[in-house]
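Chemist: In order, the protein sequences belong to chains Z, F, P and C. Under my numbering, read the first sequence as residues 6 to 266, first letter to last. Under my numbering, read the second sequence as residues 6 to 266, first letter to last. Under my numbering, read the third sequence as residues 6 to 266, first letter to last. Under my numbering, read the fourth sequence as residues 6 to 266, first letter to last.
Worth flagging that the hints you see were computed from the coordinates, not collected in a lab. Just so we're clear, the structure is a prediction, and the values are computed from it rather than from any experiment. Treat each hint with caution, since some may be false.
Which copy is meant is left open, because identical chains are indistinguishable; a pair holds if it fits in one copy or across any two.
Unchecked claim - Straight-line alpha carbon distances no greater than 27 Å define the calculated DSSO-like cross-link-like pairs of lysine-lysine that follow:
hint : residue 1 : residue 2
1    : 145       : 239
2    : 145       : 11
3    : 167       : 17
4    : 19        : 70
5    : 157       : 145
4 protein chains.
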Amino acid sequence: MVSETKVNFLSKPKLNNPVFVEGLPGIGYIGRNAAGYLVDEIGAVKFAELFSPHFPPVVLLDPQKNGTIVGLKNEFYYYKAKSKDERDLIILIGDSQSMDPQGHYIIADVILDTIEMFGVKEMITIGGFGTGELTEGSSKVFGAAILPEKIKTFEKMGVQFKDTNIGQIIGASGLLISLGHQRGIQGVCLMGETSGLLLSDPKSTEAVLDVLTKYLNIKLDMSKIEKRVKEIEKMIEKIENLQTKLAGHTKEHDEPLGYIG
Amino acid sequence: MVSETKVNFLSKPKLNNPVFVEGLPGIGYIGRNAAGYLVDEIGAVKFAELFSPHFPPVVLLDPQKNGTIVGLKNEFYYYKAKSKDERDLIILIGDSQSMDPQGHYIIADVILDTIEMFGVKEMITIGGFGTGELTEGSSKVFGAAILPEKIKTFEKMGVQFKDTNIGQIIGASGLLISLGHQRGIQGVCLMGETSGLLLSDPKSTEAVLDVLTKYLNIKLDMSKIEKRVKEIEKMIEKIENLQTKLAGHTKEHDEPLGYIG
Amino acid sequence: MVSETKVNFLSKPKLNNPVFVEGLPGIGYIGRNAAGYLVDEIGAVKFAELFSPHFPPVVLLDPQKNGTIVGLKNEFYYYKAKSKDERDLIILIGDSQSMDPQGHYIIADVILDTIEMFGVKEMITIGGFGTGELTEGSSKVFGAAILPEKIKTFEKMGVQFKDTNIGQIIGASGLLISLGHQRGIQGVCLMGETSGLLLSDPKSTEAVLDVLTKYLNIKLDMSKIEKRVKEIEKMIEKIENLQTKLAGHTKEHDEPLGYIG
Amino acid sequence: MVSETKVNFLSKPKLNNPVFVEGLPGIGYIGRNAAGYLVDEIGAVKFAELFSPHFPPVVLLDPQKNGTIVGLKNEFYYYKAKSKDERDLIILIGDSQSMDPQGHYIIADVILDTIEMFGVKEMITIGGFGTGELTEGSSKVFGAAILPEKIKTFEKMGVQFKDTNIGQIIGASGLLISLGHQRGIQGVCLMGETSGLLLSDPKSTEAVLDVLTKYLNIKLDMSKIEKRVKEIEKMIEKIENLQTKLAGHTKEHDEPLGYIG
């Protein structure tokens, strides 16, 4: 069997012009937490799992279920519109992005292949922008896109595109917009302002979800967001520790402490 | 000839529903030493060798046989049950794991391809968990698995799955469980508690072997374990030194000391 | 879809024995700025774009157009000779070179495949040579080539080939000459002397353009070069910051500051 | 065109049971200098060149011929026996080994593919072993092999196989022996004792050549070896500087000094 990035389907839902929402791990876990909360609250259904040899060569132990191994993966969920105001959705969440630069391109292409199968023409990717400062008060939502009309639409909703001081977007959230554009899938990247100094940021997550749900005409109960984000932090903390360990090591199996071969 | 991870068979034994046991190098060399001792004591027979361009680009010189070159490899052994209480076994030991993250996935897939050929449905992978502290007394054995029934079975045998403080498993021992599960091969990862500060740990190795042999209904003479583990330490020391050298170098052939081009 | 280095054609111009000019990012951005200025001033027309998974896994935000995403790419332009003194040209500019060593070879081969389609037999690659010192006065232009007659031709135009203290050329400018030679495409690499301490160097850029346009019999208005180079500096600054960040990180998505996932 | 490790043949000599001698760059440049001197003195003829995307992405400027670009390559030479005491030879010299671990395996396999075409059954690889100390007096020659009869043969010639303190051999010299053995090509690795602190070591080079030529029944005038080795040092110095620069950089094109894009 060749080891390559692949998608295993649990089902193949029939969707009507779905919007694709991406929330993978990144700074402040804004994307991961926003998309994860959306999945939970609207009761989206998992229909596919993406595995990749470009993820770190590790498995996680679920902190909720003692001793239970969880393989790294990205997960596709779908949601069928419950009224004509809503839209069908495909939502991607996951534990990891690529470990190597080239893998980012490979995984983005596999994601685009998958959503093209369901006729996706529009996408919203979610990330965070780290300011490096712990500030109080309202969290801004920054945006980036290729088509001017996309920028106008989200500017009207309060998303800031000008004077953002953002020079580049690293990883899936940016690549999906750029590579998707080449395939005729248009998108916007929403980025929650966050310090980047904490493991998660419920306020920034909520700010991004406000924009997202307004655009999608979805009503979301935000009362549980702080609790949920804190729960997820436990898992994040372990992954973060792992990434710190792996960062300086090409040979991760001679790790002196806490390593398991 | 394409350079890829490949398995050369010395023979193709006929095995009856064999259990797969993996013991590759990792922290404290628990897995490597436990599986190696098992192979020696039960007289398991080598039937295949795995070679990979993802191993470090080196050859070892056998410290027992002066000037004799040994290429890095993983080795498959089989054992035929001698009574109806025992089970047929396939045991994997080796000198090395992958040097690059992606190679871990590739090698794990080749290992799974190989054991699937012999009808393996169950596996036990062995590793160590480094506490960072040199402690006296009995060595705990920690466990991780995917199926709840696996966890129950090994909990009854004294393996600790709860409150282990283990966040992740790096390398083959974890990946084989996770990728094996996708193919319908169910397993458990047994991890010997060890300081992680020494090259090997006979006590922890013995503690893991106790669980393993009890589960497999195999009787093992443990009297030689300390001696054997110490013998293997000489080889390990050389590999460890090498890994330290290679760790900070993408270009390993401009190594200033002890390098041979 | 397989993720590989590929060229998307906007048109396929008919060209008569064109000269290929390469100017990708490097020290002092001499090549990028010289070729970019040439493209602008002679009104060369873009006909193809090269994308590669070996570029960094990022997208840029255009500092001129707030919030507008620009994917990393290399761009092929053509210019049709306006008199019989001139030559048809293919000019390559871009935002990035490969991030990994092997990718340099892969991208160079794709560039050569592309220009071979248009019958290119001659090429000029442009780079900078960093002296490490901020010096006043005229900028020298250094040269390197394989064929002695190439060296003679450009020596007559004041390019210095002897006593240059240049030991090697890293990246596309050198590889294209060497790999092109294997395919029967002959070339010269022109390198503007620059401190290497500043983001750009209008004087060195102009010195290289002087040689280039004299050889190509093209008249170029140099009055705007300082202004243009300064404009481009804004974009370069963002890329430079990014590269500094990415340099020490294999996992770029756990970047603490200014990262967007 | 796919970028892969490939061999371009200038001619296909008919050889009778040739011995393969490898001398690629390594510590003290013992292998490179010994094999290069042999090629020059016996008048061996180049018949093939090996190119690889696993070499560093650079070209060299020949210090003897100002401004002349030399692409990195490995070169195959042949020598036809001039008497029945001699043997036909294939000699491999070159500027570089692989930059990445996996590339070492790929290049070794391509080298073995090539020599198999000429019926090679026996090989001698040459390297250095760095002691870390500048010592006076005679240079020892260390050896490593797989077959006991090889060890015996070279032990009789004064090569030291026991108590060498050599734990491993990094790169081509070791891999060729190990991977060659799998194909039925038997070999020995000869390693000249050297400090590893200097760019080259004429005395150690001569000591290795003494063993090599005695085994091959070739008479070699050693009077020019010091002069030749010193000439080659100029080229080596540039490559060494380059490797030091490249060592800490995955993105070698943002090198601040002496970089040319």
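Chemist: Cα distance capped at 27 Å. Does residue 167 pair with residue 17 within a copy, between copies, both, or neither?
Modeler: neither (40 Å within a copy, 37 Å between copies)
Chemist: First find the shortest C-alpha distance between residue 157 and residue 145 inside one copy, then the shortest across copies, and answer within, between, both or neither for a cut-off of 27 Å.
Modeler: within (17 Å within a copy, 49 Å between copies)
Chemist: Are the CA atoms of residue 145 and residue 11 at most 27 Å apart within a copy, between copies, both, or neither?
Modeler: neither (36 Å within a copy, 38 Å between copies)
Chemist: At most 27 Å between alpha carbons: which applies to residue 145 and residue 239, within, between, both or neither?
Modeler: Classified as both; 26 Å inside a copy, 25 Å across copies.
Chemist: Pop the pair residue 19 and residue 70 into one bin, within, between, both or neither, using alpha-carbon distances up to 27 Å.
Modeler: For residue 19 and residue 70, the Cα distance exceeds 27 Å both inside one copy (33 Å) and across copies (38 Å).
Going through the hint list in order, the structure does not satisfy hints 2, 3, 4.
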